[in-house]
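Student: Read top to bottom, the protein sequences are chains L and U.
Reminder that position 299 of the first sequence reads as 578 in the working numbering, one-by-one numbering, no gaps.
Reminder that position 246 of the second sequence reads as 572 in the working numbering, one-by-one numbering, no gaps.
These are calculated hints, taken from the structure and not from any lab test.
Predicted model, so just to flag it, every value in this text is computed and none were measured.
Don't take every hint at face value.
[Said to hold, decoys possible] Partner residues aside, some chain U positions facing chain L, computed with beta carbon under 8 angstroms:
| # | residue |
| --- | --- |
| 1 | Met327 |
| 2 | Ser592 |
| 3 | Val595 |
| 4 | Ala598 |
| 5 | Pro599 |
| 6 | Trp601 |
| 7 | Val605 |
| 8 | Glu615 |
| 9 | Ala618 |
| 10 | Ala625 |
| 11 | Ala626 |
| 12 | Cys629 |
| 13 | Met630 |
| 14 | Arg640 |
| 15 | Val673 |
| 16 | Pro726 |
[Unchecked claim] Each pair of labels, with its calculated beta carbon distance range:
| # | chain 1 | residue 1 | chain 2 | residue 2 | range |
| --- | --- | --- | --- | --- | --- |
| 17 | L | Gln554 | U | Glu391 | 44 to 52 angstroms |
| 18 | U | Ala612 | L | Ala555 | 28 to 36 angstroms |
| 19 | U | Glu607 | L | Lys408 | 23 to 31 angstroms |
| 20 | U | Ala608 | L | Ala508 | 27 to 35 angstroms |
| 21 | U | Thr548 | L | Gln554 | 33 to 41 angstroms |
C-beta atoms are modelled at their ideal positions from N, C-alpha and C, and glycine is treated no differently.
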Amino acid sequence: MDFELSEEQEQLRDSVRSVLERECPPAVVRAAYEGRLDGEHDRLWRVICELDWPAIAVPESMGGLGMGFAELALIAEEMGRAVVPAPFMSTVAQFVPMVLETSLPEQQKILLGTVLDQGAIGTVAIAEKGSGWDMSRMSTEARRTRDGWVLNGTKSFVFDGADATTILVVARASDDEGIGAFAVPSDAVTSTAVKLLDPSQPLADVELRNVLVPDDAVLVEPGDQKGAAGIRRALEQATAAVAMSMTGTCRVIFDSTLQYAKDREQFGKPIGSFQAIKHRLVNMLIALERASSLAYFAALTIAEDDPRRSIAVSMAKAAAGDCQRLIVQDGLQFHGGIGYMWEQDLHFYLKRAKSGDLLFGSAAAHKANVARALGLAA
Amino acid sequence: MRLTFDDSVERFRAEFVAWLADNRPSEEEIRADPALSSGHLPVWAKRWTRRMFDDGWLVPGWPPERGGRNASPTEQLVYLEEMERARVPRTTNPQGLGIVAPSLLDYGSQEQIENYALPILRGEKSACLGMSEPGAGSDLASLSTRAVLDGDRFVINGQKVWTSGARHSDFCFLFCRTDPEAPKHKGISVILVDMETPGMTVRPLPEIVAPEYPDLNEVFLTDVVVPKQNLVGTLNDGWAMANGSLAHERGMVWVSSSIVLDDDISRLVRDAPSWLGRVSEAERHALAERIADAYIDTAAARCMGYRGFGKLLRGGSAPEQALMKAFASEARRNLAMVAAEVQGPEVLEASPPAVHATTLVPDENTSWIEQYFRTFALTISAGASEIQRNIIAERVLGLPRS
Ligand SMILES: Cc1cc2nc3c(=O)[nH]c(=O)nc-3n(C[C@H](O)[C@H](O)[C@H](O)COP(=O)(O)OP(=O)(O)OC[C@H]3O[C@@H](n4cnc5c(N)ncnc54)[C@H](O)[C@@H]3O)c2cc1C
Ligand SMILES: Cc1cc2nc3c(=O)[nH]c(=O)nc-3n(C[C@H](O)[C@H](O)[C@H](O)COP(=O)(O)OP(=O)(O)OC[C@H]3O[C@@H](n4cnc5c(N)ncnc54)[C@H](O)[C@@H]3O)c2cc1C
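Could you build all of it, start to finish, from the sequences and the hints given here?
Tutor: Quick look at the structure:
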């Protein structure tokens, strides 16, 4: 058991960090918040594509870099640190894994090709307003017809749903034979960007009205058990990536709060010398270490295809949720009036951490998963 | 980053597991002759510690003449995992083996090593640790037990408290004030005192659970006379040893905490379904979430431990041990609390008389609520959780002193 990064992994992380520091300083995030991003959004994504990060976990045989999920997770953590307003999580941590886990070689060639060669944005549509990411309760329906499958329903919280070229939709068969995955071009659906608390990570509603999916665009046929397992595995990757990204964001809030506690003086002393603050900063550190260790563990179980991966991912996401709760709360509190101001960059991180908990299953949802895996709940 | 150890480490583990199976004392043997306190060495314990010493399995990281085999840090880690899983203690005198002997090996004279440290390692002698006093707990440096150098002997007067195992120990590793004029950290020395010395009075202090097996004691010292050569290290330089002793104690304690947590959570997950079957669905959900939390803490303790260990291997900082100490001890306390609440009112029925805690921790038969109260030993002793937080705040986070 070794949680330390290898030399190559350390180099990767350092280079991602330095690129993002240069290309995505807080001023860029602020521009996203204030609707002044203009071409910046595209420029950031182009930089990411030029550096081949979308290819990180794609096998070399398919034109990728042939690294694994551990490396993808390290980049996700950096994306969280820099609250990057670019479609990395959607395309790289959701779309690409879903393609790799579910589709046939010829489909992979086409779908990955659009991303790796043309820099297209891809995303995955699973969640719905009524059921979140719980696929057993989703209502978007796939009906078999002579010409293919027809999809009807509305998906929500779709990462970069309004900018994606291709959306991989997960839907349930009308005869309840199980779930399937379908590649849908964006012009076949109505995607509506939603106004958000955290505009640096755009989400959309995707409405599917009688969308016909020809057979060659069906990634997983409903009823195909192995395919359904692939969908779940892809969802696990996406969820683990969000957990990693949240710990990256929480680390920045923590570092900033710690520095502030050392610098800010009241009553003639740094506020960090008051035990009421000190001990709570330690509690924040413990929550962060707990979440971060479990996120690395989850990433490793995915990278090594360990049988514990499913429960490990739920533990990681639950711990990331617990962590943000404490770090956002005391992080903001200890900044005093300053933390409450729009002019400070702090709120970008606070809001990203909060949204992270609510996307891809909250801490409560994932604790319920853990309880279920332990045989303690239905 | 990876989930597995090298093959060579796994071979080391397998070798130790096989040796354990062939050599360990049986549970019946242990129950037939239980240790009465953490200073008591029953016959089986003496034999067992000696065998571990002779075969180089007592402290594998040390050289053979000290009961080891020069094992690497990673080998020591898997050794501790298996040692804890085996549910048989290396010794029934943990403070002797874990703190006193290593401190003597670091600071003691050749004669002290021969007469005190090695006998502990060979299971021949037991030691207690005389640090705390009524007026000096967390603030150990304010201790006032006074040793006066008088020619070639010390005359000692004072009182120690919460001295584990003192009643059955052969000698005490005693922290005394030898220079009352110096600043408080600079006037402390450590002196070895045989418990049989005239003037030593030990009074057991029954604890919050299992009062029939008191482990803690008060130790009163009245004109106790000890030869000068019993001074450990340099006069007035005992504070370095206070830090050193505790560092020995904290070193890899997380490994055993983490394995005990694993054991505890498996027991809870095994028993919980039948307990949860008795409550309403809403209550079941609320309780199941808390068990999930405890399960997550257990996994986190293991992952945080390994992560910290990885840093340590690469020359990282030791104060992070304080973080593990605080987290793992509180996780054990929370787990026992959750388990007691899940079990419901029948948890209040008293457990059968426990075999002493140092012999088998935790005992399968100990009720969760007694277990819960026992875990406070972990959050109070060896630097209470609040003190760990001060240490982390100042040494890991670099915050200014209060
Ligand atoms: C919404 C809002 C409206 C406001 N309106 C007004 C107004 O109309 N008029 C006006 O004059 N002011 C106003 N204020 C300012 C407000 O009174 C201050 O923000 C508040 O007194 C805290 O001071 P500070 O922001 O400088 O934080 P600091 O005093 O720097 O505190 C920072 C952190 O350190 C903690 N801390 C400080 N000292 C200690 C200590 N001794 N022990 C433990 N912890 C400590 C604090 O609790 C806080 O968490 C407003 C603030 C807000 C947020
Ligand atoms: C099971 C057990 C075994 C023990 N075995 C031994 C032994 O073998 N030998 C030995 O010498 N001692 C032993 N002790 C004693 C132990 O070391 C002390 O109990 C411990 O150091 C705490 O001291 P105290 O009990 O006097 O509490 P105090 O120091 O009085 O602390 C009381 C409370 O105040 C808090 N507190 C104190 N200072 C601060 C501060 N600066 N900031 C914030 N909070 C603070 C503490 O955390 C605690 O919650 C043992 C204790 C236990 C419970």
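Student: Taking the hints in turn, state whether each one holds.
Tutor: Evaluated hints:
no.: 1; hint: Met327; result: holds (5 angstroms)
no.: 2; hint: Ser592; result: violated (10 angstroms)
no.: 3; hint: Val595; result: holds (5 angstroms)
no.: 4; hint: Ala598; result: holds (6 angstroms)
no.: 5; hint: Pro599; result: holds (6 angstroms)
no.: 6; hint: Trp601; result: violated (10 angstroms)
no.: 7; hint: Val605; result: violated (12 angstroms)
no.: 8; hint: Glu615; result: holds (5 angstroms)
no.: 9; hint: Ala618; result: holds (4 angstroms)
no.: 10; hint: Ala625; result: holds (6 angstroms)
no.: 11; hint: Ala626; result: holds (4 angstroms)
no.: 12; hint: Cys629; result: holds (4 angstroms)
no.: 13; hint: Met630; result: holds (5 angstroms)
no.: 14; hint: Arg640; result: holds (6 angstroms)
no.: 15; hint: Val673; result: violated (18 angstroms)
no.: 16; hint: Pro726; result: holds (4 angstroms)
no.: 17; hint: Gln554/L x Glu391/U: 44 to 52 angstroms; result: holds (47 angstroms)
no.: 18; hint: Ala612/U x Ala555/L: 28 to 36 angstroms; result: holds (30 angstroms)
no.: 19; hint: Glu607/U x Lys408/L: 23 to 31 angstroms; result: holds (25 angstroms)
no.: 20; hint: Ala608/U x Ala508/L: 27 to 35 angstroms; result: holds (32 angstroms)
no.: 21; hint: Thr548/U x Gln554/L: 33 to 41 angstroms; result: holds (39 angstroms)
The structure does not agree with the numbered hints 2, 6, 7 and 15 stated previously, though it agrees with the rest.
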